[in-house]
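Q: The task is to assemble the complex, starting from two chains supplied on their own in separate frames and drawing on the hints.
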Amino acid sequence: MSAGIIEVRGLCNRFGDTIVHDHLDLDVRAGEIIGVVGGSGSGKSVLMRSILALNRPQAGRIRLLGKDALSHDPASRAFIERNTGVLFQNAALFSSLTVLENVLVPLKEHGALPEDVMTELAMIKIRLAGLEPEAAHKLPAALSGGMRKRAGIARALALDPELLFLDEPTAGLDPISAAGFDRLILSIQKALGLTVFLITHDLDTLYTICDRVAVIADRKVLVNAAIDEVAACEHPWIREYFHGPRGRAAKSATELS
Amino acid sequence: MTARLDNHRPELIDDPTRPGVLLASGDWTFQNAGVLLALLAAAASRPDRIDALAVKKLDATGSRMLITLQRNLGLDDAAVLVAPELGTLLQAVRAASGSGQAPAVSAHPVLRFLAAVGAWVDNARHNTLVFLAFLGQTLVSLGESLFNPRHWRVTSVIHHMQAVGMNAVPLSMLLNFMVGAVVAFLGATVLKEFGAELWVVELVGVAFFREFGVLLTAILLAGRTASAFTAQIGSMKSGEELDAIRTMGLDPIEVLVLPRIKALLLTLPLLTFLSTMAGLLGGMAVCNWSLGISPEMFINRLNDELSPRHFWLGMSKAPVFAMVIGLIGCLEGFKAESNAQSVGEHTTSSVVQCITLVILLDALAAMFFMELDL
Numbered sequence: 001m002s003a004g005i006i007e008v009r010g011l012c013n014r015f016g017d018t019i020v021h022d023h024l025d026l027d028v029r030a031g032e033i034i035g036v037v038g039g040s041g042s043g044k045s046v047l048m049r050s051i052l053a054l055n056r057p058q059a060g061r062i063r064l065l066g067k068d069a070l071s072h073d074p075a076s077r078a079f080i081e082r083n084t085g086v087l088f089q090n091a092a093l094f095s096s097l098t099v100l101e102n103v104l105v106p107l108k109e110h111g112a113l114p115e116d117v118m119t120e121l122a123m124i125k126i127r128l129a130g131l132e133p134e135a136a137h138k139l140p141a142a143l144s145g146g147m148r149k150r151a152g153i154a155r156a157l158a159l160d161p162e163l164l165f166l167d168e169p170t171a172g173l174d175p176i177s178a179a180g181f182d183r184l185i186l187s188i189q190k191a192l193g194l195t196v197f198l199i200t201h202d203l204d205t206l207y208t209i210c211d212r213v214a215v216i217a218d219r220k221v222l223v224n225a226a227i228d229e230v231a232a233c234e235h236p237w238i239r240e241y242f243h244g245p246r247g248r249a250a251k252s253a254t255e256l257s
Numbered sequence: 258m259t260a261r262l263d264n265h266r267p268e269l270i271d272d273p274t275r276p277g278v279l280l281a282s283g284d285w286t287f288q289n290a291g292v293l294l295a296l297l298a299a300a301a302s303r304p305d306r307i308d309a310l311a312v313k314k315l316d317a318t319g320s321r322m323l324i325t326l327q328r329n330l331g332l333d334d335a336a337v338l339v340a341p342e343l344g345t346l347l348q349a350v351r352a353a354s355g356s357g358q359a360p361a362v363s364a365h366p367v368l369r370f371l372a373a374v375g376a377w378v379d380n381a382r383h384n385t386l387v388f389l390a391f392l393g394q395t396l397v398s399l400g401e402s403l404f405n406p407r408h409w410r411v412t413s414v415i416h417h418m419q420a421v422g423m424n425a426v427p428l429s430m431l432l433n434f435m436v437g438a439v440v441a442f443l444g445a446t447v448l449k450e451f452g453a454e455l456w457v458v459e460l461v462g463v464a465f466f467r468e469f470g471v472l473l474t475a476i477l478l479a480g481r482t483a484s485a486f487t488a489q490i491g492s493m494k495s496g497e498e499l500d501a502i503r504t505m506g507l508d509p510i511e512v513l514v515l516p517r518i519k520a521l522l523l524t525l526p527l528l529t530f531l532s533t534m535a536g537l538l539g540g541m542a543v544c545n546w547s548l549g550i551s552p553e554m555f556i557n558r559l560n561d562e563l564s565p566r567h568f569w570l571g572m573s574k575a576p577v578f579a580m581v582i583g584l585i586g587c588l589e590g591f592k593a594e595s596n597a598q599s600v601g602e603h604t605t606s607s608v609v610q611c612i613t614l615v616i617l618l619d620a621l622a623a624m625f626f627m628e629l630d631l
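The listed protein sequences derive, respectively, from chains A and B.
Each residue of the first sequence is one higher than the one before, starting from 1 at the first, in our numbering.
Each residue of the second sequence is one higher than the one before, starting from 258 at the first, in our numbering.
The shape of chain B in the complex, shown without the other chains (with noise of 0.2 angstroms):
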């Protein structure tokens, strides 16, 4: 056992007794790859024989640096000796070795440019009608089923609400704690200079009614929800168990798609009101510890100078968030192949496209709004 661990190192010599003859021995394996090419590129004179006979140990690599040497030489197959139990590796090597090489792919960099350039226009296009096509299937399919019980999916729902709603309250809540604190505290700093500390009530109170508690919760589920769906139905797709979804009968849409949608419909605008409501806590902590406004004075104060409409405002948004978040992240997972990398990356692709459009028809809401005086 212990000879077939040795290692013989390949030699590559002129014999001395026969002119013309060039003597390969030792171990002709992947393992000295590195020795074999070095001692091919040296290899020097023009002899009409490789005598390969004291080759101890050949395997398919030695074999190809074998048949290279020979037809670097100019020799033909029948002046390569080698043992005969080696002889039909060699010949099976010399067989798979034929000159079709692997065909190579270029192109001049600035034409690949303008090919990457006009494909991301393309994309972009495409991506754009895409995603309108299965807004409206989805729109389609919800309308449906709200009018035929049997397609609820109720049990469905409720393991989505589950994991979308009830196991994000702890860190929703935590987040906008603390962002109502920072609030808080930064609108103590500035308001101090006026002698208006009794301001950060309101501040704390519109920013969270409108704007924070479901732009902060929005963001979270995009990071923690979008990607979810997204890597669920992507791993569904190259399991090849959309295409036995579709072969019963069913819609992958109704089976998969509206029950995630609905789940977010149902328990972002929920997880808003804990959000607001964690913030509005976090502002009167500061509030309370900081500058002397009393809980009591908080709560006296928000209802006295806060009309209810800054929270059914912040409120409308919640569904439409829920869509977008919902519908990204399962259309990205339908588009997904069935590879790891293109699930990897579609999940990357739905997050990103998630937090951009919250934020941006959050930032159009809010013009909207003031145009209105609302």
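One chain only, chain A, in its complex shape (with noise of 0.2 angstroms):
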């Protein structure tokens, strides 16, 4: 069954007077990196916070792995917990903790393993997010912004999780690392077998690594569909977004590679 590893239905968010979503629905399937995108403050950080439960919607149903999201069962919570992985949009390392340190948090907390194995599992987990093996004894302080997030992909990647969940990992990078980054998430992907949940401003991202694109625009997910197939929509938004200049030099990029 491919349908629904995030299964979100009538999804009601609410602060004070203003809308942010009016009856959102949105599926994932399992093994696919979704590209999430909208405009600024159009919600897609708090459809990710939704879904990971730090904001409780005022209406709707969200089902993450088979499992209810919203529940306060703690069996079913800490499945979820150890099931996903995310990095938020600065990182969010514990700051007075070294990379290292950082990701043995989750592996401490969860797994009840010797010290040398954590460590090494954690160490891993730091190459396979393209650091070197040196970088795991730097305070954050001490990475530049690209490193951060892939020490923070290293720390979401602890528990190997079946689901990670990306909010702009991309901004901030030069294009270079950015594009470095994009692949970084696609082989892991394809090496790991994860599914992506993917917010991003970054047309390269969705038109590179995106299996499919989700549009959040006028409180709802307007399409949810491979990104030709966005892209041919007749919303404005969605005009403006894939047919201004930066949608057409990205298109045009992936078309030349």
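Don't take every hint at face value.
For lysine-lysine, the following DSSO-like pairs were computed, each having C-alpha atoms within a straight-line distance of at most 30 angstroms [to be verified]:
#1 K108(A) <-> K138(A)
#2 K190(A) <-> K138(A)
#3 K313(B) <-> K67(A)
#4 K138(A) <-> K592(B)
#5 K190(A) <-> K67(A)
#6 K314(B) <-> K190(A)
Source of the hints: derived by calculation from the structure; they are not laboratory data.
Please read all numbers here as calculations on a predicted model, not as lab measurements.
A: Written out as structure tokens, the structure is:
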């Protein structure tokens, strides 16, 4: 059954008078990279936070890996937490811990393994995320933005999750690092067989690595389909987004390569 | 979907039909890491192949276990058979688990202790120098800004006066009122033996005018205000706001430190006055209820017996304490590094330093004034 590793139904989010989501539906299939796009303030991050139960919606149902993501049942919460990895926008590394200690935090919390095995597993994740072993003993403040994001990925992968959430992974990186990061996400996803929920503004990312694209506008998911199909939509925001100068450049770049 | 949730216990057995083949099956996942470790430790036979085709689920942890097993048995990579769809993963983990371990850091405990003592002494020297430099820098900026009304930053000063002074009035007065009552009680207990209850008035008066009014207020502000200054400036530093201020051609000392210090210099004496009055009120209340000294008598006796110099001596310390609290509070904020741990440590350090220094200076001042017979 490939449908529905994430199933969102009728999600409503409201902050004061501002309605962010109005009966939003979204399906994510197992093993795909889904790119979530939308204008600033359209509720992409709120959607991710709702799925991760960091934000309680006013109404709606969310199922994650076949479990009710909004239930308070400790067993299903623990199951979901063990099987989801999150990279926050600014990596959200613990600033007083080294990279290695950061990656060890979830391992120590969820698994009872000998210290040296945990360290070894953490080092594998650090290398998988494309960091040199020397970076493991550095504090986040000593890392560049790109390295911090890689460290964030290593920590998100610590528990071998099925689902990876990435909030604007390439924001703030130079185009070369951003392209490298896209390749990293793709290679990790292929190697570990992950499902990736990716919030982005980066059109290059959408064209190069996403299997499907979900567009959030007018408080709903307008389309959720392969990128060419999405780009063919007639909605004004989508037209502007995909057929503006940046959209055309990204498209022609992928066609050339 | 339910298949995903089922967990198959991993197994590792000698294949009964094929000698020399180790048969791995089940889920080799992080969830089963404990079981896998036990299996690895128990693997006794010396096979020449590992058949992991029956492994249903494999993740990075499981792959690492499989690779460890293979290396422990002295087999090469080709001797491990996995399902083709899991091959990429195994390959990726194999590439990531090179021989280079994370370098370990260690030294002899005695050396570490000596190094720590040395670092502490060096740090103390360095901190003293930095404090003096900061004091000088602040005084220069203060002097410059006094003659330049455009740099007075009235709004900012008043904002800080509200936070530092106004909002501390109730707490400061309550504390002093209670301490005043306690001093009066103590005095009454001791002086009763000599039949000199009336001297409680002098005791409370001298204690609050000279020492307690200003000391208690300064200690309160050291806890309340110095910590706030450190945390504010520390978190601004970690958010690169200090750098932003510098790049705009502004001086962080003028923008951040001076308004705070001016606010303290203006409000600490006022707060001291209110606190002293509250302390006297506490003493007066105890005198009235339990010693039979009426408020009129209390005030008359204060007027007759106490010279105003006690009041001025106490007040003269207020600006000094204000400088100490403001300087240390701000300086510790500048010293904080951009992580939560460091901001916390410097906040603690700023409160400890302020309280220690305030009490130390107060003791020195008491000795100084005594020698001068004031």
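Q: It remains to establish, for every hint, whether it holds in the given structure.
A: Here's how the hints hold up against the structure:
{"no.": "1", "hint": "K108(A) <-> K138(A)", "result": "holds, 19 angstroms"}
{"no.": "2", "hint": "K190(A) <-> K138(A)", "result": "holds, 29 angstroms"}
{"no.": "3", "hint": "K313(B) <-> K67(A)", "result": "holds, 22 angstroms"}
{"no.": "4", "hint": "K138(A) <-> K592(B)", "result": "holds, 20 angstroms"}
{"no.": "5", "hint": "K190(A) <-> K67(A)", "result": "holds, 25 angstroms"}
{"no.": "6", "hint": "K314(B) <-> K190(A)", "result": "holds, 15 angstroms"}
Of the numbered hints listed earlier, not one is contradicted by the structure.
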